[in-house]
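Asker: Start from the sequences and build out the full structure, keeping to the hints where you can.
Given next are the chains, with one letter for each unit.
Number of protein chains: 2
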Amino acid sequence: MTKQLIDIIEERHSVRKYDLNFKISKEEIEEMLKEATLAPSSSNLQAWRFIIFQDQQAKKELREIANKQEQVETASAVIAVLGDKEMYKSVEKVYGSAHEAGLMDEANMKRLIESTNNTYPKASEEIRKNIATFDAGLVSMQLMLIAKARGYDTVPMGGFDKVKFAEKYHVPERFFPIVLISLGKAAAPAFQTTRLPIADVILEYI
Amino acid sequence: MTKQLIDIIEERHSVRKYDLNFKISKEEIEEMLKEATLAPSSSNLQAWRFIIFQDQQAKKELREIANKQEQVETASAVIAVLGDKEMYKSVEKVYGSAHEAGLMDEANMKRLIESTNNTYPKASEEIRKNIATFDAGLVSMQLMLIAKARGYDTVPMGGFDKVKFAEKYHVPERFFPIVLISLGKAAAPAFQTTRLPIADVILEYI
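Sequence lines, in order, name chains A and B.
Counting with our numbering, you get residues 1 to 206 for the letters of the first sequence.
Counting with our numbering, you get residues 1 to 206 for the letters of the second sequence.
The reader is advised that the hints may include incorrect statements.
As the list makes no split between identical chains, a pair holds if one copy fits it or if it spans any two.
[To be verified] Calculated lysine-lysine pairs in the DSS-like style (CA-CA distance at most 30 Å, straight line): (1) LYS34 <-> LYS93; (2) LYS122 <-> LYS93; (3) LYS68 <-> LYS122; (4) LYS110 <-> LYS162; (5) LYS17 <-> LYS34; (6) LYS168 <-> LYS110; (7) LYS162 <-> LYS3; (8) LYS89 <-> LYS17; (9) LYS185 <-> LYS3; (10) LYS60 <-> LYS122; (11) LYS93 <-> LYS17; (12) LYS110 <-> LYS23; (13) LYS3 <-> LYS34; (14) LYS89 <-> LYS34; (15) LYS129 <-> LYS68.
Worth flagging that the hints you see were computed from the coordinates, not collected in a lab.
As the structure is a computational prediction, the values presented were derived from the model and not from experiment.
Answerer: This is the structure we're talking about:
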């Protein structure tokens with residue numbers, strides 16, 4: 001049965017109880033990430049990176065720096081989403097591959113590489129981190145929907161010790177951890193939640 | 001025909017040429033936002049807000065502070081996504097409505113309100129802005145997919161003058177602009193883009 005997008009959106013809930021014995025292959029996780037990274041990003045610089053935790057002992061250790069949340073240990077996998085604060089370093093690869101694929105002529109490629117190198121490095125680190133953080137949200141949402149469409153569940157977790165994470169997993173200075181997403185088969189239904197009335201979140205019509 | 005999620009994801013591209021004469025009703029935009037705001041958010045505090053631009057003159061003026069990008073003026077609507085850096089102020093409404101809907105008992109509601117009020121206001125403004133920025137990415141991605149599923153196109157734009165935006169539209173100090181999303185009917189196909197190889201964005205398997 002083909003589900004409509006809206007069904008997947010409505011059925012996705014944050015799941016915190018997982019079937020510990022259910023495994024998702026590394027290959028399938030990669031496939032899901034390939035699909036998720038079709039998300040747009042600032043200048044297509046794809047300022048997102050991933051660390052995939054599948055080893056049982058590793059998940060147990062990760063739990064210790066993630067507010068001891070059960071799902072970090074019991075989900076099939078935990079995907080750490082990191083941001084790239086030096087995303088402009090990917091510019092030649094990104095636009096070079098578009099040129100090679102015949103999607104961009106050489107003049108355009110050169111112009112875009114130059115303009116990226118003239119702007120991004122001059123922007124403050126704070127601005128670059130904001131860009132990467134927003135783009136990480138885009139890719140994370142696609143990942144959670146893709147998981148749901150395949151019958152899996154997720155929960156995004158911002159509450160973990162980011163300093164300890166960077167230390168423990170030797171995250172290069174260029175990258176910074178943003179969120180952990182557990183991925184697995186639900187063992188119990190998620191809590192249902194409510195949303196603010198739409199009139200509360202639309203500030204103005206202009 | 002019911003499209004699969006993956007088709008929608010693959011068909012979504014950033015569109016910069018729009019049919020100026022195509023209108024999307026305010027009611028349909030609200031409906032799309034209602035669906036998009038089913039996205040998860042930190043403690044379900046929904047730190048996202050929207051300003052909807054549909055008036056032609058208003059879009060023309062907005063274009064002036066958005067790097068003069070054509071799509072700001074020619075798309076049917078532009079949806080400004082803002083973050084709420086004082087998201088904890090929604091806590092009683094959020095958990096109160098969950099309690100009223102029978103989804104949360106009173107003790108749990110009180111405990112969650114208390115813990116939110118004990119943690120979020122103590123976090124730095126930078127941390128709270130990061131949370132709102134990530135969550136804005138989640139809701140924006142759902143919005144863009146929902147639009148695509150309905151036959152519309154979008155492009156997210158981070159490049160606009162956020163200070164001038166906040167001034168011109170009298171954005172309360174509590175909120176901050178993050179991104180503009182144009183929404184409309186494509187008048188020309190989007191540029192195709194490439195993605196970094198998945199091996200480049202997966203830093204490690206643990």
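Asker: Among all the numbered hints in the text so far, which are the ones the structure does not match?
Answerer: 6, 7 and 12
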